[in-house]
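Between the sequences and the hints, there should be enough to build the whole structure, so can you do that?
The sequence shown: position 233 = 233 (UniProt numbering), numbered continuously.
Don't read these hints as lab results, they were simulated from the structure.
Just so you know, even glycine gets a beta-carbon here, dropped at the ideal spot from N, CA and C.
Keep in mind that a hint or two might mislead.
For each label pair, taking beta carbons as the anchor points, the in silico distance ranges come out as [claimed, not checked]:
1. 272 <-> 118: 39 to 47 Å
2. 267 <-> 106: 44 to 52 Å
3. 153 <-> 194: 22 to 30 Å
4. 174 <-> 194: 33 to 41 Å
5. 435 <-> 356: 32 to 40 Å
6. 267 <-> 215: 19 to 27 Å
7. 248 <-> 404: 32 to 40 Å
8. 182 <-> 225: 24 to 32 Å
9. 328 <-> 274: 17 to 25 Å
10. 168 <-> 194: 42 to 50 Å
11. 125 <-> 403: 27 to 35 Å
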Amino acid sequence: MNNGFITAGHAIARQLVNTAQQHPKRIAAALAVLLMTAGGGAFAVAQLGPNPADMPVHTVEYSVPSLASEFSIADLVDGPGFSLYRTDEVRGNDTPESLLRRLGVADPAAAAFIRSNAKARAAIIGKAGRQVTAETTNTHELTALTVRWAGESSEVFQRFTIRKNGRQFDTITEFVPLTRGTRLAGGVIRSSLYASTDAANIPDNVANQMADVFGDKIDFRRALRPGDRFSLVYETLEADGEILRSGRLLSAEFRNNGKTHEALWFQPSPKAKGDYYNFAGDSNQRTYIGSPVKFTRVSSAFAMRLHPIHKTWSAHKGTDLAAPQGTPVRTVGDGVVTFAGVQNGYGNVIYIDHGNKHETVYAHLSRIEVKQGEKVTQGEEIGAVGQTGWATGPHLHFEFRVAGDQVDPLAMVANSETNQPINKQSRPAFDALSRSMRLALNTQMESLASE
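Printed below as a string of structure tokens:
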């Protein structure tokens with residue numbers, strides 16, 4: 001019996017070691033979250049008695065009747081049974097049968113109900129990405145099927161449940177508040193930013209935010225180096241303990257080519273405007289963001305060029321950003337829409353006045369989502385890439401004008417001023433948040449360095 005305990009202890013120890021070796025980032029993340037939530041602490045182990053190795057050991061052996069001796073395998077299978085659970089996502093091409101089969105459900109009556117019930121079809125069929133959980137009996141008959149989803153800006157999620165009631169199925173629809181949580185993650189650059197974030201299971205939405213935050217400091221197309229590392233904390237929105245979608249990037253650290261870049265989201269109060277700062281409290285956000293379209297290449301810069309339609313050389317007083325049709329276009333700064341409509345070779349175009357005689361122009365749009373006189377904020381979606389007007393392919397023609405004169409928009413954005421640093425009233429709260437986030441990010445970085 002003593003040998004059995006020792007063998008079990010060795011097995012548990014081996015399992016813990018293997019887990020730590022296979023998932024070092026999870027171990028680091030768990031420690032970081034513990035420190036973030038508990039505020040840290042000191043731990044010590046004291047020798048309170050003699051060394052157990054020096055104490056005498058006596059082995060006592062005696063027989064013990066099995067607790068299962070009164071039951072047979074048939075009793076366990078044919079008895080009251082047990083429940084099985086499995087969670088997956090709905091696929092766009094799912095049929096009731098294929099979805100249930102993937103969830104381990106063998107119940108033709110359940111598939112028939114989903115196919116015939118209008119509410120069930122509306123909640124499941126063709127709704128790719130929705131989370132679905134099946135509860136079945138030990139014979140794989142459906143007990144309950146729950147589907148959860150939420151809109152991109154919603155603070156609640158919908159829970160649609162199909163539950164077996166005798167031989168019939170009932171449905172119920174509920175609206176439940178989402179629960180906010182946080183996740184710590186990180187990665188090492190091997191080839192590209194997205195390859196690294198995919199390998200670390202970081203949502204694209206969070207990767208996009210990180211690229212936006214550091215976009216004026218790091219060229220994510222050309223300046224990344226193998227071995228560059230990043231760690232980040234981001235918000236999650238959860239339903240019944242399962243993550244439905246990711247939220248805001250809360251903090252990040254990116255070590256690129258020997259330089260360290262930091263970002264921390266701080267909002268002094270619910271009604272105040274939030275911003276990204278470095279850990280010292282200096283704002284990371286400039287008056288204008290780097291690009292009106294995310295992750296594009298410059299197809300025609302601010303310079304002399306051969307016009308693609310007229311075949312004549314002329315000054316190109318703007319920047320053409322190649323991107324797929326329908327790619328969202330965002331305003332580079334706060335301002336007021338002075339024109340939104342069709343205009344000659346520009347096609348669908350938007351003009352925005354940013355004050356101080358600064359104006360930006362967004363042309364060749366496939367659609368316009370703002371109206372003249374409307375106020376817009378930096379990063380707000382105002383339209384989508386198209387090829388209306390004089391355009392040979394889908395792209396955004398972007399101009400920056402100062403007192404009516406067209407200037408190089410990329411240079412104008414690069415030289416724009418940053419916002420103000422943290423004020424004295426908000427400094428204590430900011431410093432406390434900065435310390436906890438820095439601790440979490442550093443822990444993750446140390447874990448990445450050992451990989």
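So, going through the hints one by one against the coordinates:
no.	hint	verdict
1	272 <-> 118: 39 to 47 Å	holds, 46 Å
2	267 <-> 106: 44 to 52 Å	holds, 50 Å
3	153 <-> 194: 22 to 30 Å	holds, 24 Å
4	174 <-> 194: 33 to 41 Å	holds, 36 Å
5	435 <-> 356: 32 to 40 Å	holds, 37 Å
6	267 <-> 215: 19 to 27 Å	holds, 21 Å
7	248 <-> 404: 32 to 40 Å	holds, 38 Å
8	182 <-> 225: 24 to 32 Å	holds, 29 Å
9	328 <-> 274: 17 to 25 Å	holds, 21 Å
10	168 <-> 194: 42 to 50 Å	holds, 48 Å
11	125 <-> 403: 27 to 35 Å	violated, 57 Å
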